[in-house]
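Could you slot chain B with the ligands onto chain A? The hints should help.
For the record, the sequence lines run as chains A and B.
Residue numbering for the first sequence follows our numbering, beginning at 8 and increasing consecutively.
Residue numbering for the second sequence follows our numbering, beginning at 482 and increasing consecutively.
Since the hints were derived computationally from the structure, they do not count as laboratory data.
Certain hints may be false.
Stated by the list, open to error - Simulated crosslink set (DSSO-like; lysine-lysine; CA at most 30 Å straight-line):
| # | chain 1 | residue 1 | chain 2 | residue 2 |
| --- | --- | --- | --- | --- |
| 1 | B | Lys-537 | A | Lys-163 |
| 2 | B | Lys-1041 | B | Lys-972 |
| 3 | A | Lys-117 | B | Lys-827 |
| 4 | B | Lys-634 | A | Lys-117 |
| 5 | A | Lys-21 | B | Lys-827 |
| 6 | B | Lys-632 | A | Lys-212 |
Given next are the chains, with one letter for each unit.
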Amino acid sequence: MDTAAPGGGNSGRKVVVRVKRRPDTREEPRWEEFALDWRPHMNIIICLRDIAERPVTRDGHATTPVSYEASCLEEVCGACAMLINGVSRQACSTLVDSLEQPIRIEPLTKFPVVRDLVVDRSIMFENLKRMKCWVPLDGTYDLGPGPRISPEVQEKYYPLARCITCGNCLEVCPQVNENSDFVGAAILSQVRLFNAHPTGAMHMKERLAAVMGPGGVADCANAQNCVEVCPKQIPLTESIAEVNRQAIREAVFGWLLG
Amino acid sequence: MREPKIIVVGGGLAGLMAVIRAAEAGVPVDLFSIVPVKRSHSVCAQGGINAAKNLKGEGDSTDRHFDDTVYGGDFLANQGPVKRMCEAAPGIIDMLDRMGVMFNRTAEGLLDFRRFGGTLFHRTAFAGATTGQQMLYALDEQVRRFESERKVKKYEGWTFLSAVLDDHRVCRGICAMDLKTMEVRTFPADAAIFCTGGIGAVFGRSTNSVVCTGSAQSALFQQGANYANAEFIQVHPTAIPGEDKCRLMSESARGEGGRVWVPRKPGDKRPAKQIPEAERFYFLEEWYPKYGNLVPRDIATRAIHKVVYTQKMGLEGAPAVYLDVSHIPRETLDRKLEGILEIYEKFLGVDPREHPMRVFPAMHYTMGGLWIDNTNQATNVSGIYAAGECEYQYHGANRLGANSLVSCIYGGMVAAPAAIRYAGGLDKGCESVPTIVYENERRRQEQINDTMLHAEGTENPVTIWKEMGDWMTEHVTVVRNNPDLERTDAKLQELADRFKKINLSDRTSWANQTLSFCRELQNMLVLARCITRGALARNESRGAHYKPDFPDRNDAEWLKTTRAHYDCGTIKFTYEPVDTSTIPPRARRYDAKA
Ligand code: SF4
Ligand code: FES
Chain A
8 MDTAAPGGGN SGRKVVVRVK RRPDTREEPR WEEFALDWRP HMNIIICLRD IAERPVTRDG
68 HATTPVSYEA SCLEEVCGAC AMLINGVSRQ ACSTLVDSLE QPIRIEPLTK FPVVRDLVVD
128 RSIMFENLKR MKCWVPLDGT YDLGPGPRIS PEVQEKYYPL ARCITCGNCL EVCPQVNENS
188 DFVGAAILSQ VRLFNAHPTG AMHMKERLAA VMGPGGVADC ANAQNCVEVC PKQIPLTESI
248 AEVNRQAIRE AVFGWLLG
Chain B
482 MREPKIIVVG GGLAGLMAVI RAAEAGVPVD LFSIVPVKRS HSVCAQGGIN AAKNLKGEGD
542 STDRHFDDTV YGGDFLANQG PVKRMCEAAP GIIDMLDRMG VMFNRTAEGL LDFRRFGGTL
602 FHRTAFAGAT TGQQMLYALD EQVRRFESER KVKKYEGWTF LSAVLDDHRV CRGICAMDLK
662 TMEVRTFPAD AAIFCTGGIG AVFGRSTNSV VCTGSAQSAL FQQGANYANA EFIQVHPTAI
722 PGEDKCRLMS ESARGEGGRV WVPRKPGDKR PAKQIPEAER FYFLEEWYPK YGNLVPRDIA
782 TRAIHKVVYT QKMGLEGAPA VYLDVSHIPR ETLDRKLEGI LEIYEKFLGV DPREHPMRVF
842 PAMHYTMGGL WIDNTNQATN VSGIYAAGEC EYQYHGANRL GANSLVSCIY GGMVAAPAAI
902 RYAGGLDKGC ESVPTIVYEN ERRRQEQIND TMLHAEGTEN PVTIWKEMGD WMTEHVTVVR
962 NNPDLERTDA KLQELADRFK KINLSDRTSW ANQTLSFCRE LQNMLVLARC ITRGALARNE
1022 SRGAHYKPDF PDRNDAEWLK TTRAHYDCGT IKFTYEPVDT STIPPRARRY DAKA
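Bound conformation, chain A alone (with noise of 0.2 Å):
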């Protein structure tokens, strides 16, 4: 069999990667370092593919596939975000030309690891459950259409409506952390979505109490870290501070609008 990596490089240049490894959740996780084969548009996918074709480390150790996380490999899915030399982000989108080498590839911190890159972020999900993030249906049978609504405001929600719960965002807010249930600007910004829309806006105050509740918008503290790393360029500090306002408003006047 062919020696090279796959792909049929034939530069000679190579791309020099170092994984953290962790077979599970009892072991402590170590380093492992791969070279392979250049080629042109080489993303962090790419790199973990042929590894799993060639599981060998640079020092001609064999070792295992590295698990991990990807589906659509076009930054929709949401699935592969990872530490990419310290940074947080999407691994299909990330080409390896624009990156210093030894790449660093690690998983996100602030999700329980399952195996190397892969982390359990249903906590997400949960927490979009929590927050009654969805639009009440009377059923999906034909209803005649729905509520009107102008360019204008398609075209300030619909960015909103493209968070892929990569936790991207989550992953590099300070107040995510061990001792906090804060669920993060991603949850708030859906919040917001949801508010805003007509038939959504029937679960306002139910939402609202929520984000007032534990690990609710209280729990910002602004860093701005989320909105720097955001794949899909989400405002998210603006929808941050509109849930905030709508939480006050809801607090000062809750009572009085019944």
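Just chain B with the ligands, lined up with the frame of chain A:
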């Protein structure tokens, strides 16, 4: 009356729709998905969803949508189901609208519609260029609502291995594996609805997500479910070729005025911007003046192949053509196409608002899939239903753009009540099935895992997968020749033999992705043969299936659904008539003489 128990496998659009319909009917449902459902491949659908709402005063109607779909599919689709789908489409759009999908709007606040391939009407509702994502999220939110009301139980991070069949070959549940603990477990149910999506991975690189392996369909096929029209594979004309995946550049780029061209002078080295209008060959517009850049996908793909391989006019001699939106105002592009232009910019580092994009066709969609009946989305195995891309019903020999989303939702809507009716009518439910039936299936699956984990061979699964993908892409996509198909079939058998000498390089029993990939690969190899042999048998050209040696559609012999049966390792084909009861087949052409 006993309460029926339903399982849905797959959490994309079709699966979530089925879950919602079951939950609304008050039937408890378990939902299985490899990934958290919000990461399903439906998020990759870009351009939009078709429904003849006729909001642009063009005189569009569901009948015209029906005609475009049947004609676009070269008359291979059963007309009854297609007609019902087109009639349901406007109501589906309304439902999504009420769920809060952020569709683009007109000045009056109504839904906006754009044009798509294979039609002359503005029939496609859209949410920027991420329509599938927006629709999936809306359904996901509704399912989450039912989940919080405990009407739905989700098993995310589980992969389907097999159906549990009783002595009468009736489905009594499923067998699945937890991708974290690697536990194999059976789940009793009265009916199971499969919404397991596309099969892109069979072709190595495609526009599909990594999870689209067709493994579940193939497993069911090997357990006796028939697979129909496998040979009909859609190759999308405009994708950005990549080593890991071919990233789609949606038809909506052309729907919003994008133009496909190459320099008139082959090998022209000038940057695109410096090539004057008169020296550009807008071949789709010249060859197909009526539809122009919006001919159906099979037509556009073959035209690009002709320009590149026959006329040798690919960009600088490479297999690529321009997809140009740089003449469209930036503001329009950002409002309507941002999602896809961003992909091009991120992955290639070039701004498509300024520079024409370099694109080439890539495998995109399977029109074929699990055989289902014409009314209930029921497979030939009692208790097994299917909806979405994994079944074959709605697109004939070629799918029209923006029809996939509507077929997913519609299929899910039909499958759930049908499965519930079936389950309710059973004399005895799954609770009366002897536990040994479940035990045996679980043991059979654990045995397969054991064999793979302990194989002491030399073959790497990724290498086998890549070889399969290369062969399938080269010989079983745009142009098909019988000798090549024969060779591919032989190659696939060789790969299946080599698969027996596999070595897993990971034998652990915790989150072992290599093991689950091998299980999928084994199933992909079977599906690949089903596609290849189906193509070999069909000696005509129809829709996406094109054989230069048999260049014409041959209705006398081949206006038939291909139905594949699996029997102890061999694949047999039977053919059945197509429902053409409403629109008599006519010649399909989109050129000047049409
Ligand atoms: S808000 Fe942005 S960073 Fe946070 S989860 Fe959503 S897409 Fe990711
Ligand atoms: S794989 Fe989907 S975002 Fe990277």
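Status of each hint after checking the structure:
For the suggested pair B/Lys-537 and A/Lys-163, the alpha carbons sit about 24 Å apart, so the restraint of at most 30 Å is met. About 28 Å separates the Cα atoms of B/Lys-1041 and B/Lys-972, which keeps this hinted pair within 30 Å; it holds. A threshold of 30 Å between alpha carbons decides the hint, and for A/Lys-117 with B/Lys-827 the separation of about 26 Å falls inside it, so the pair holds. At roughly 26 Å between alpha-carbon atoms, B/Lys-634 and A/Lys-117 fall within 30 Å of each other, so this suggested pair holds.
Using a Cα cut-off of 30 Å, the hinted pair A/Lys-21 and B/Lys-827 holds, with the two alpha carbons roughly 23 Å apart. Restraint check for B/Lys-632 and A/Lys-212: satisfied, since their Cα atoms lie roughly 24 Å apart, inside the 30 Å limit.
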